[in-house]
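K.L.:
The primary structure of each chain is shown beneath.
There are 2 protein chains.
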Amino acid sequence: MNHTPKSLEKLIKEFTKLPGIGRKTAQRLAFHVLKKPREDAVSFARALVDAKDTIKFCKKCFNFSEDDLCTICDNASRDPGVICVVEKASDISILEKPGRFNGTYHVLGGLLSPLSRIGPENLNIKGLLERLSESITEVIIALNPSVEGEATTLYLAKLIKPIVPLISRLAQGLPAGSELEFADELTLSRALEGRVEIG
Amino acid sequence: MNHTPKSLEKLIKEFTKLPGIGRKTAQRLAFHVLKKPREDAVSFARALVDAKDTIKFCKKCFNFSEDDLCTICDNASRDPGVICVVEKASDISILEKPGRFNGTYHVLGGLLSPLSRIGPENLNIKGLLERLSESITEVIIALNPSVEGEATTLYLAKLIKPIVPLISRLAQGLPAGSELEFADELTLSRALEGRVEIG
Numbered sequence: 033m034n035h036t037p038k039s040l041e042k043l044i045k046e047f048t049k050l051p052g053i054g055r056k057t058a059q060r061l062a063f064h065v066l067k068k069p070r071e072d073a074v075s076f077a078r079a080l081v082d083a084k085d086t087i088k089f090c091k092k093c094f095n096f097s098e099d100d101l102c103t104i105c106d107n108a109s110r111d112p113g114v115i116c117v118v119e120k121a122s123d124i125s126i127l128e129k130p131g132r133f134n135g136t137y138h139v140l141g142g143l144l145s146p147l148s149r150i151g152p153e154n155l156n157i158k159g160l161l162e163r164l165s166e167s168i169t170e171v172i173i174a175l176n177p178s179v180e181g182e183a184t185t186l187y188l189a190k191l192i193k194p195i196v197p198l199i200s201r202l203a204q205g206l207p208a209g210s211e212l213e214f215a216d217e218l219t220l221s222r223a224l225e226g227r228v229e230i231g
Numbered sequence: 033m034n035h036t037p038k039s040l041e042k043l044i045k046e047f048t049k050l051p052g053i054g055r056k057t058a059q060r061l062a063f064h065v066l067k068k069p070r071e072d073a074v075s076f077a078r079a080l081v082d083a084k085d086t087i088k089f090c091k092k093c094f095n096f097s098e099d100d101l102c103t104i105c106d107n108a109s110r111d112p113g114v115i116c117v118v119e120k121a122s123d124i125s126i127l128e129k130p131g132r133f134n135g136t137y138h139v140l141g142g143l144l145s146p147l148s149r150i151g152p153e154n155l156n157i158k159g160l161l162e163r164l165s166e167s168i169t170e171v172i173i174a175l176n177p178s179v180e181g182e183a184t185t186l187y188l189a190k191l192i193k194p195i196v197p198l199i200s201r202l203a204q205g206l207p208a209g210s211e212l213e214f215a216d217e218l219t220l221s222r223a224l225e226g227r228v229e230i231g
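So the sequences go chain by chain: A and B.
Residue 33 is where the first sequence starts when you use our numbering, and the numbers rise one by one after that.
Residue 33 is where the second sequence starts when you use our numbering, and the numbers rise one by one after that.
Quick caveat, the hints were computed from the structure, so don't treat them as lab data.
Any given hint might turn out to be false.
Heads up, simulated EDC-like pairs for lysine to aspartate or glutamate below, C-alpha to C-alpha not over 16 angstroms straight-line [to be verified]:
#: 1; chain 1: A; residue 1: LYS49; chain 2: B; residue 2: GLU71
#: 2; chain 1: B; residue 1: LYS38; chain 2: A; residue 2: GLU71
#: 3; chain 1: A; residue 1: LYS38; chain 2: B; residue 2: GLU71
#: 4; chain 1: A; residue 1: LYS91; chain 2: A; residue 2: ASP106
#: 5; chain 1: A; residue 1: LYS42; chain 2: B; residue 2: GLU98
#: 6; chain 1: B; residue 1: LYS67; chain 2: A; residue 2: GLU119
#: 7; chain 1: B; residue 1: LYS42; chain 2: A; residue 2: ASP106
#: 8; chain 1: A; residue 1: LYS56; chain 2: B; residue 2: ASP123
#: 9; chain 1: A; residue 1: LYS42; chain 2: B; residue 2: ASP82
#: 10; chain 1: A; residue 1: LYS42; chain 2: B; residue 2: ASP72
#: 11; chain 1: B; residue 1: LYS68; chain 2: A; residue 2: ASP82
#: 12; chain 1: B; residue 1: LYS56; chain 2: A; residue 2: ASP100
#: 13; chain 1: A; residue 1: LYS38; chain 2: B; residue 2: GLU98
#: 14; chain 1: A; residue 1: LYS67; chain 2: B; residue 2: ASP123
#: 15; chain 1: A; residue 1: LYS88; chain 2: A; residue 2: ASP100
#: 16; chain 1: B; residue 1: LYS38; chain 2: A; residue 2: GLU98
#: 17; chain 1: B; residue 1: LYS67; chain 2: A; residue 2: ASP123
#: 18; chain 1: B; residue 1: LYS42; chain 2: A; residue 2: ASP85
#: 19; chain 1: B; residue 1: LYS68; chain 2: A; residue 2: ASP85
Coverage of chain B stretches by chain A, computed from C-beta distances (three or more under 8 angstroms per stretch; other residues unrestricted) [to be verified]:
#: 20; region: 61-67
#: 21; region: 217-230
All residues carry an ideal CB built from backbone N, CA and C; glycine is no exception.
Construct the entire structure; sequences and hints are all you get.
P.N.:
Right, dumping it as structure tokens:
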């Protein structure tokens, strides 16, 4: 017999629906909510529904946005001539962190994966092609260096090569601060292939 | 500049307030909520506030409960003469799992800890003493084998010794399925002290 009150059990179940949260963690989180003041639970609840209600996709790049255009597409100081293609909206925050990129983004919404039945028609590729006019000087394809990421990069590169003068991808090689000793063979061979002239 | 829309940022912040959830995990969870249908967010939000509104403490044992008495205190088939003292309500689910205990519980709501300024007056000790009548045959003190747990166990034992005929604590020793080789010295010495006659 389960001695957890029904409404507590329901809350635990809701927490287990989140990715990477098992029964034990869900229990811990639910107990935490019970310990904190009611305002905290209400504010959390409101944030959940508010985010869902106000966040839509940017009409241009499919980033998360509260308006028709996201804060990047809508920023006049960003260069609309350079488009960085990413898999998902959360990748944008990651690429923005170093503060080195001043172009715009395009969110694919996934990667090509025949096994999961994700073909070109399931990704935001049509929207990307519509953005590619003569004023686009470079498209940077910034997808994960995984099998699906590689396949999607090659597919996109082939598709847009006739339209865009420069197509690039992120460099592959040794992570900063790492040691040769611990690099896997594939990383090493790509670091070798991508070697850069110095001096 | 932060390019996360305000309402999304708010949701991420709410997630980071949960124990053990850092910024990166919070981001992942918030993106998950955005990906799922609106009903899911609403159901999660409702569960948060519902749990907070309906769950109170059992008047007798301070377990979580939707009624005045929790399902254990209110169960006529449980032996009210045996009280198992635990630190927190979530410990009850853990002790109920093996299904070997048929008594009742009492939730202290913490452990004595002079460093964190938690004294006897901050724990549900008064409620425990009020439950101790002549009909109580045993009190099992089931606190963590930590410094605070030990101190609280000794404090309680001394306090209730004049009232209750039998006071016991959980056995300390080797965990089932473990190997001698990996046991720490304290566990080993307690396993030796607590050795049990066989044959």
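K.L.:
Each of the hints needs a verdict: does it hold here or not?
P.N.:
Do the hints match the structure? See the list:
1. LYS49/A - GLU71/B: holds (13 angstroms)
2. LYS38/B - GLU71/A: violated (20 angstroms)
3. LYS38/A - GLU71/B: violated (20 angstroms)
4. LYS91/A - ASP106/A: holds (11 angstroms)
5. LYS42/A - GLU98/B: holds (13 angstroms)
6. LYS67/B - GLU119/A: Distance of about 14 angstroms is within 16 angstroms: holds.
7. LYS42/B - ASP106/A: With Cα atoms ~21 angstroms apart, LYS42/B and ASP106/A exceed 16 angstroms; violated.
8. LYS56/A - ASP123/B: Roughly 12 angstroms separates the two Cα atoms, so the pair holds.
9. LYS42/A - ASP82/B: Given that 16 angstroms is the threshold and the Cα spacing comes to 9 angstroms, the pair holds.
10. LYS42/A - ASP72/B: Distance ~13 angstroms between LYS42/A and ASP72/B Cα, so the pair holds.
11. LYS68/B - ASP82/A: holds (14 angstroms)
12. LYS56/B - ASP100/A: violated (26 angstroms)
13. LYS38/A - GLU98/B: Holds, at about 8 angstroms.
14. LYS67/A - ASP123/B: Holds, because 15 angstroms separates the two Cα atoms, which is no more than 16 angstroms.
15. LYS88/A - ASP100/A: holds (8 angstroms)
16. LYS38/B - GLU98/A: Roughly 8 angstroms between the alpha carbons, so the hint for LYS38/B and GLU98/A holds.
17. LYS67/B - ASP123/A: holds (15 angstroms)
18. LYS42/B - ASP85/A: At roughly 13 angstroms apart (the allowed maximum being 16 angstroms), ASP85/A and LYS42/B satisfy the hint.
19. LYS68/B - ASP85/A: holds (12 angstroms)
20. 61-67: Held - the region 61-67 of chain B has 6 residues with a Cβ nearer than 8 angstroms to chain A, which meets the minimum of three.
21. 217-230: violated (count 0)
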